[in-house]
Amino acid sequence: MTDLALDVRGLTVRLPAGADRAHAVEEVSIQVRRGEIVCIVGESGSGKSVTAFTVMGLLPKGDLVPTAGEVLLEGEDVLKAAPARLRELRGTRMAMIFQEPMTALNPVVTVGDQIDEVLRIHTSLGPAERRAKALDIMGAIRLPDPERIYASYPHQLSGGQRQRIMIAAAMVLDPHLLIADEPTTALDVTTQAQILALIRDLQARRGTGVLFITHDFGVVAEIADRVVVMQRGRVVEEGPAEEVLRRPRHDYTRMLIGAVPGLDPEPREPVAGPVALETQALDKTYGAGGLFGRGRVVRAATDVHLQVRRGETLGIVGESGSGKTTVARCIARLVDPTSGAIRLGDVDIARLPERRLRPHRRRVQIVFQDPYRSLNPRRTVGASVIEGPMNFGLARDAALARARQLMELVGLSPDALERYPHQFSGGQRQRIAIARALAMEPEILIADEAVSALDVSVQAQVLDLLDDVKRRFDLALLFITHDLRVAAQICDRIMVMERGLVVEAGPTHRVFTAPEHPYTRALLAAAPGRGFGFGRAA
Amino acid sequence: MLLLVLRRVLATVPVMAVVALVVFLMIRLTPGDPAAVLAGDNATLDQIQRIRANLGLDEPLWHQFAAWVGQLARGDLGTSIFTQLPVTTLIGQRVEPTLMLALTTMVFSILVAVPLGVLAAWKAGTWIDRLIMVVAVVAFSFPVFVLGYLLVYQFGISLRWLPTQGYRSPFADPWGFVRHMTLPALALSSIYIALITRITRASVLEVLGEDYIRTARAKGQTEAKVLFRHALGNAAVPIVTIVGIGVALLIGGAVVTETVFNIPGLGRLVVDAILRRDYPIIQGLILVFSLVYILINLLIDIAYTALDPRIRY
Amino acid sequence: MARAQTLPEEPVRAARRAPVLAFVRRYPVAGLAALILGLIVLAALLAPVLWTVDPKALAPTQRMRMPSAAHWFGTDQFGRDVWSRVVYGAQVSLIVALAVATISVIAGTLIAVVSTYIRWLDGLVMRIMDGLMAIPGILLAIALVSLSGASRLTVIMAITIPEIPRVVRLVRSVVLSVREEPYVEAAISVGTPLPQLLWRHVLPNCVPPLIVQATYIAASAMLTEAILSFLGAGTPPEFPSWGNMMAEGRTFFPIAPRIVLIPGVALALTILAVNVLGDALRDRLDPKLAKRTGGLR
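Protein chains in written order, with my numbering: chain R, 422 to 959; chain W, 14 to 326; chain V, 5 to 301.
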């Protein structure tokens, strides 16, 4: 009996006609032994998820077809298995957890019932035995009060709890292979650390083989025994984790690892420019009032004081629900602050009515997270870039001339102005969004998770661009992020927020090397791949 | 739970108020003299004056409104101009056939449409799906009275299988009821079936694209259970919603169907009122039908909370 | 076709703006529907030259004739030529459809846009719309027509008013969701004034669903007009509307079913063509609506 849980040999999966290449994955071979965690790492379009879905037999029907190779699950080729046999294997011998714990659970069924479902499908146990077994596995994934959670619906649980439920349902029948498709990508960093530890622990105790899909080298450093690097559907490098991370042989791997920012920023000179933006006691409360007094009040941001000088980058770091984006949206006056002051120079814009606010709008510009939604799909890039200057009375020709210069500045060809957003990649669209902001000649640029949706290699380039334009135009840059690594790389000062409150603020070097608040320490401790020391070589 | 029901019931109050206001203002804000229109071309001044008094049009607007709301609160929907009988009495006499027609149609439609819609979604893109969708769009496009006459022609006149006119009460003559109800219910249900089938297909199809369906498959669940347990369970809310909204279609359709099949229900009451220009009856029926519509949709709103634990008002 | 599952790879965006020919190739049934509708429109426009006689001309000697070379569809109980009446009836239905769709879309859009941007008005307008939607449309139309007397204009207005709330709701939902889009927020932060913001960024998103909705409203308006006429509260009897023809033929149905069935089938065919076209437009222009509602609202 071999100890191989999974043996993928020469797998090729065809893409539908009209895609940008012929095969989603090509001649991919991957082995996962019992008790081992193999990470497939790659950027979007690398074929890493297609590989995982092929193993489970969950490819969308008709679109993606495996055309060559074998997928041996403990010696049995699942590509040749009949549908009924495949159903038998799923949940018993192989199981899968997914990226989005928010959507991967059925919202109208209790979570206990969803664990129970696996037992109903694959065992002949009675209700009492099934319940005992489900509660048992819920204990093993360290959920508090399993009895209560058993009867809960998914929306009543946090993202981390839901992912634990997914893991419980996957592991309840002790499969020999667990496939995890970016299982922590949608989670906050502290939750991510817990889930990674949980997967590590469960798989070690039960001897499960894990195929772990991720784009994050920090996670790889944290969890992998072996690493497979994929690029455009092919395996470009594989080996033991230490080996691949320390001594990458392939250029692509080297580039990917080099693009991961480190967590130990150099000390920076304090910036001495004039104060461009200052908030005082900024508060934002949502959902106050309500006729029946049942409107839930959420204090999204409380008593926020911040100051950004020209030429300075202030990072606001926090997990989801920390209020960091609320602060950014208040400053850009996309939402109205409940109280407090927002000073641009000597003007307080916190309460200005729209008519009087307009002249000041150009001074604060914002770049959003989602590159696919931040440009109007029905208008040319040019129309989007010149819209602002023309609002403020610039003639069309002059606005276009400036737009052409800006396109070059952000690294795009001036022809881009005549094209539509859908013709550009995510990174290019973020560059366009930056150009649109710069066209206003702002004093303050807000980047609201502006690189979070991008692949790591593209992310590095856009970060460089942001840093470059900040210097060139002497901007005050307010950088909102959940990613400590990115913050460490670009920010002069850091502000850490938790549940609407600023818990710590200071120079980046100091915050990272000598954090004062327990929450900051927890965040830093949770950053994946912390012990590895990325960014040293780069 | 009780609080929730109470809150939903309270939420219907402004809707009912708007309905009452619209109905009240309709006759008062109509350009020209509605009393003259209602009296007809050959009416004497005296007749017009009588109609005006019957409708309470000869007093100041605020008095009229107060008096009218007071009447409504007492359950008084006014008096028929033609028969001089209270509108509530007339409605009471005619309500059974309409209620039976609507209920039969509704139950039949849901029983047919939901399985059809699920089947179409499951077989999406195949000829089965396409056939169901083509039949649905044709059924939706055939006006109920055209379909009604086609049915009368085929089954009543050509084949002589079923009676085509009239109504039998199920309490007095159950078999007669079934025979008399078959064709009207069939005609009236076609639009309703088409509507529910399409919504069921669309919402099941949408749910089938959700991540938790993939999760269920990853657990090794069978397609049938995936379809009925996970997909239909999550598609229930939009389906139930359209059943509620469709009640408006059903009411309109019933009026026409009763005319085609000569069923002595509320629809015929409306048609007779149109012919006799008996506006109080039309007004009363609008209020009653709107109330029924609002109440059904209130029940459906409350049913949501049972169907989807995320919905809390 | 909805994809059963999505893989987290870069989405491949389909090319926009397919020409008419490609549309017909992709939706052949819709092409056929468009052809049929085109013929009906043409017939309505060219009614006087399509071998018709005066549709109102009574001929007591020619009553209840079977179809013949002189009367293609025969004559009715007053000796009027059924073919001519059907062709002229198309005019009535199409005018009503066009007018109701246009007026309700314009009025509904205006109401929705204004009320979404004026906060205190929003609640009030939506309550009124809820109330209007609670009144069965046909009954509301019947009441309006019987109050103000039957004329073509009252019929059109009576059919339009119950359709408006649906348009308001549609536009409102699009406006509310588009308002949250980052590109709209970006336009706000570059100082775009409200009118331009609506015109450039918000309203264009309403156009595809409105075109689709307008076709469904057109179909529904033809149906309502026919029902009103059939019940005697519609187009004045001197006009040869399909509903009027069916109403007048009712009593003679057992002996001459064609008098009722011919206009009935013409009506059904026209509505079917419009609905099929609407479905195809919806699939093409507004896939999200297709998924959400299954069409036909």
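Worth flagging that the hints you see were computed from the coordinates, not collected in a lab.
Glycine is no exception: its CB is placed at the ideal position from the N, C-alpha and C atoms.
Warning: the hint list may mix true and false statements.
Unchecked claim - Computed from the model, here is a short list of chain W residues facing chain V with C-beta under 8 angstroms:
#1 Val148
#2 Val151
#3 Val268
Here is what the structure says about each hint:
1. Checking W:Val148 against chain V by beta carbon gives a least distance of about 12 angstroms; that is not within 8 angstroms, so the hint is violated.
2. This hint holds: W:Val151 has a C-beta 6 angstroms from the nearest C-beta of chain V, less than the 8 angstroms allowed.
3. This hint holds: W:Val268 has a C-beta 6 angstroms from the nearest C-beta of chain V, less than the 8 angstroms allowed.
In the structure shown, a violation is registered for the earlier hint numbered 1 alone.
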